[in-house]
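All chains, full assembly: derive it from the sequences and hints.
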Amino acid sequence: MSELGQLATVLGAVCCAYAAGAQAWAARTQDPRWRESGFRALVACAACLGLACAVLVYALLQHDFRIEYVARNASLATPWWYRVSALWGAQAGSLLFWSWLLATVGAAAVAGQRRAHPELCTVASAVLALLVGFFVVLVAAVERPFRVLAFAPADGRGLNPLLEDPGMVVHPPLLYLGFVGLAVPYAFAMAALVTRKVDGGWLGATRGWATGSWLALGAGLVVGGWWAYRTLGWGGYWGWDPVENAALVPWLLATAYLHSAVVQERRGAFVTWNLALVVLSFVAAMLGTFLTRTGLVVSVHTFAQSEIGPYFLAFVVAVLAGSLGLLAWRWDDLRTGPASVSVASREGAFLFNNVLFVGFAAAVLVGTLYPTVVQALEGVQLFVGPPYYLAVSAPLGLALLVLMGLATALPWGRASHATILRLRLPLFAALAAAVAAGVLLRRPGVVAAAAAVAFALASTLQAFAEAAASGARAGRGLLGGLRDAFRWRRRRYAGYLVHLGVLVMVVGIVGSHAYVREREVALRPGERFTVGPYEVTYRGLEHGGTPLAEVTRAVLELREGGGSAVLRPVRLYYPRRDQVVSRPAIRSTLRDDVYAVLSAFEGDRATVRVWVNPLVRWVWAGGLVAFFGGLLLLWPDRRAPKLPSPPLRPSRDGHPARRAQAAREVVRALGGSTREGSRP
Amino acid sequence: MKPVVLVLCLVALAAQPAGAQALDDRVRAVASRLMCPVCEGRTVAESTSQLAAQMRALIRERLARGEAEEEVVQYFVDRYGPSVLAAPPPRGSGLALWALPVLLVAAGAAYVLVRLCGPGGPEEDAA
Amino acid sequence: MDGAVAAPPVGRRWLRVGAVVLFVVALAAAFGSAFRGRPPRSTPIAGRPAPSFEVPRLDRGRLSSADLVGRVAVVNFWASWCLPCRDEAPVLQALWEAGRDLGLMVVGVNVWDPPQEARTFVARYGLTFANGADRDGRVAIAFGLAGVPETFVLDRSGVVVRRFVGPLDSRSLVAELRRLGISLPETAR
Chain A
1 MSELGQLATV LGAVCCAYAA GAQAWAARTQ DPRWRESGFR ALVACAACLG
51 LACAVLVYAL LQHDFRIEYV ARNASLATPW WYRVSALWGA QAGSLLFWSW
101 LLATVGAAAV AGQRRAHPEL CTVASAVLAL LVGFFVVLVA AVERPFRVLA
151 FAPADGRGLN PLLEDPGMVV HPPLLYLGFV GLAVPYAFAM AALVTRKVDG
201 GWLGATRGWA TGSWLALGAG LVVGGWWAYR TLGWGGYWGW DPVENAALVP
251 WLLATAYLHS AVVQERRGAF VTWNLALVVL SFVAAMLGTF LTRTGLVVSV
301 HTFAQSEIGP YFLAFVVAVL AGSLGLLAWR WDDLRTGPAS VSVASREGAF
351 LFNNVLFVGF AAAVLVGTLY PTVVQALEGV QLFVGPPYYL AVSAPLGLAL
401 LVLMGLATAL PWGRASHATI LRLRLPLFAA LAAAVAAGVL LRRPGVVAAA
451 AAVAFALAST LQAFAEAAAS GARAGRGLLG GLRDAFRWRR RRYAGYLVHL
501 GVLVMVVGIV GSHAYVRERE VALRPGERFT VGPYEVTYRG LEHGGTPLAE
551 VTRAVLELRE GGGSAVLRPV RLYYPRRDQV VSRPAIRSTL RDDVYAVLSA
601 FEGDRATVRV WVNPLVRWVW AGGLVAFFGG LLLLWPDRRA PKLPSPPLRP
651 SRDGHPARRA QAAREVVRAL GGSTREGSRP
Chain B
681 MKPVVLVLCL VALAAQPAGA QALDDRVRAV ASRLMCPVCE GRTVAESTSQ
731 LAAQMRALIR ERLARGEAEE EVVQYFVDRY GPSVLAAPPP RGSGLALWAL
781 PVLLVAAGAA YVLVRLCGPG GPEEDAA
Chain C
808 MDGAVAAPPV GRRWLRVGAV VLFVVALAAA FGSAFRGRPP RSTPIAGRPA
858 PSFEVPRLDR GRLSSADLVG RVAVVNFWAS WCLPCRDEAP VLQALWEAGR
908 DLGLMVVGVN VWDPPQEART FVARYGLTFA NGADRDGRVA IAFGLAGVPE
958 TFVLDRSGVV VRRFVGPLDS RSLVAELRRL GISLPETAR
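One line per chain: the protein sequences are A, B and C, in this order. With the working numbering, letter number 575 in the first sequence gets 575, and the count goes up by one each step, no holes. With the working numbering, letter number 44 in the second sequence gets 724, and the count goes up by one each step, no holes. With the working numbering, letter number 167 in the third sequence gets 974, and the count goes up by one each step, no holes.
There are no misleading hints in this set.
Example chain B residues on the side facing chain A (calculated, C-beta under 8 Å, incomplete):
| # | residue |
| --- | --- |
| 1 | R708 |
| 2 | S727 |
| 3 | P768 |
What the hints contain is simulated information worked out from the structure, not anything from laboratory work. Everything numeric in this text was worked out from a predicted model, so none of it was measured. Even for Gly, the Cβ is constructed at its ideal location relative to N, Cα and C.
Next up, the structure:
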């Protein structure tokens, strides 16, 4: 079994090497046969890696403890679904899974675009094959999940108990999909630079992939926070831990890219910037993976120290240097003259959005890497933790919310009187919210947040109301108006829906940070204390056990006003792993969560920590809404009847409007959509 | 007018957290400025370890005694060194860290405003 | 794209590319050097007077820093669940037996442990030197303890001259004690 897996992996590596070579040759000779051959090799590689993954999963399901990976990550007592998820539970298996995802995504992307953009696809698949090749070689030669033990133990060590959770089943695949998905726009951007076809063909071809990976990354982040909240027992869902930040940075850059890509499609502008942004997003994703897997930065999440560090570093350096070098080489070919963009326009708002998102990403990245750099230069160990990130994210987040509200009201091109009228309602909403918050809540940060959220919310709802109203005016009813908006302008309105979800999340985030209450008390049975509006009585300890763990529960009675509930936070000790896991008990409502943890116990005395976290449910609910909106974003637009496209006409005069028109025609001819029915 | 002002003042006063609550908030504020020495990358406020619980108890005792938050933080820095701080102070090399986001965003916004912004294209439909 | 634009000299392109690559490699070098491992934690207590403390002993009575005045002292922080502490315990016991008549004081402070487990530990290794129990962690914090085991060597005036983070290196410890005037017989390792 393990030989089959190892063989499949090695075969995958060979296919990748062949694919890269064949595509490189095809790019040189423009020979369609080599192109086809290279494409088939990439598909074969994906198939081989899929086989290797299947072999590993089979071994996990069959308790084949002869294979070291299975022995370390599964046990006879592990349920089958967690055994399957053990595929991505530790370094070697997750690298294999990652490689397979990358190969599959790459092959699918190339397959989808082969007819439309053959030259681009040639170079793009060569790039993708090289990327996959690196990871496969790492798996086949260095990490080797199919390593076999000298003798098969009777039982395996089992999965890290923290990972036995539905959130942990879903979170890594989502993140990996997000990371590898970013390779597609990257590969096509590289192809555009190499073949000098930079006019947006690459962008239109990969828009769906960019959106998909943005969505997967975002979903992965939220699910990760949800898992951490329910499992780790420190009362929060985001700790600004380096590994969390490593996934946040590419997501922020991808969000910036999604917005500025729209500007490029509409106006043909900022090609260079978009190319750079795509490269940065992908490099950030690779850097993030590197940080997560090599334990370079101190973190609670680190995989065990592994040997792949130096190879991975070399890889990231090669990718970054190669991409930026290529960009620098082609710099002069990219200059199309400054586009004319008005500050008071949607393009302008999107540009400022980019500045803020990229600034945010840079701040998070610098904060994450700062300890490492200082350690290398000065030999001192420092930490950059929540105080820094909160100080950075609060003002940037506020500014982004304001921009969100502005951009929804601003038109493309240039603002006019109508815009100012449009902004009346949001401004009034902001003022009203500020006054209400100022009187009732009195905290300047919360007041500012309330005003910004109200502004953006009113602006977004107004956009939906306008769509409904125009439907009513056209005789199709309010709902008909909304349906039309989602049918003909899906991207725009799905984007507004995502914004709505984000706003709900922001409300949850501000509430849970600003108004959290916490108390830590040592108690004897029968003693009680209050936290927030709740009264907590400690009733005693319950002891139990499973085959794998000693279980101790504290029984806490929660009372507030009329209602009461019982919370049983638990402390588990796994003797075989010598690991203590503390699982919180959470009573969750829309208003707040009561979150209880058993910190320590001695006899029947217990030290208990109880938080009251307001509005946490809003974070998850908002995440769901945003996710749904994101899914809608992926749904291809309904096309309006095809108009005859004018012949390609290179613009010789410098008039910006005509140049923009020419660029639009180029984009249209290359398959990007600028049509009436699908304008973003 | 006066009764309205009075009511507003009472509402504002009522919105103040009670005394014990304020102490809890201050403990949490100090605890989130310190990294737990035995954990990998968790603040004292978040950490579930015994040392962190003991540090929180000590913070509470000192704050209740009337010490200022800065003094309590300094107490731990004196014993554990600057690596116990959850973020470097904005002095010396820490300045680069804190200044960078500000500079980057300011530079980007300035670039957008100066280089790129002009009269704009034709106005197109916005809804 | 615009009409015919004179391509810049190839030299300029190479310069640009070279600058980019150089920058990236420099950044990578800073990173790569971090693989050398983390620097030892800063120990601000070295060279300063040890904090005064008073804790109940595991057996009877109290243990305080006043007991250490005038003698060279080895203060060892331990916990029963700590594996290296189990290796160290016999070493410390041997040190105590060899050094007590030479003016050496050896004390242990138990931290982060239930008292019963601590007493079991003391009994198992037959420790006869004084062991105190730091119930609320104040002594640990005062010494800047970041884990167990840690051992502090104090001179006769109570100043911390050496701090051992992690398992004891008995050779260095003996050398340090010799520097302070305690010459242990060879058999004490």
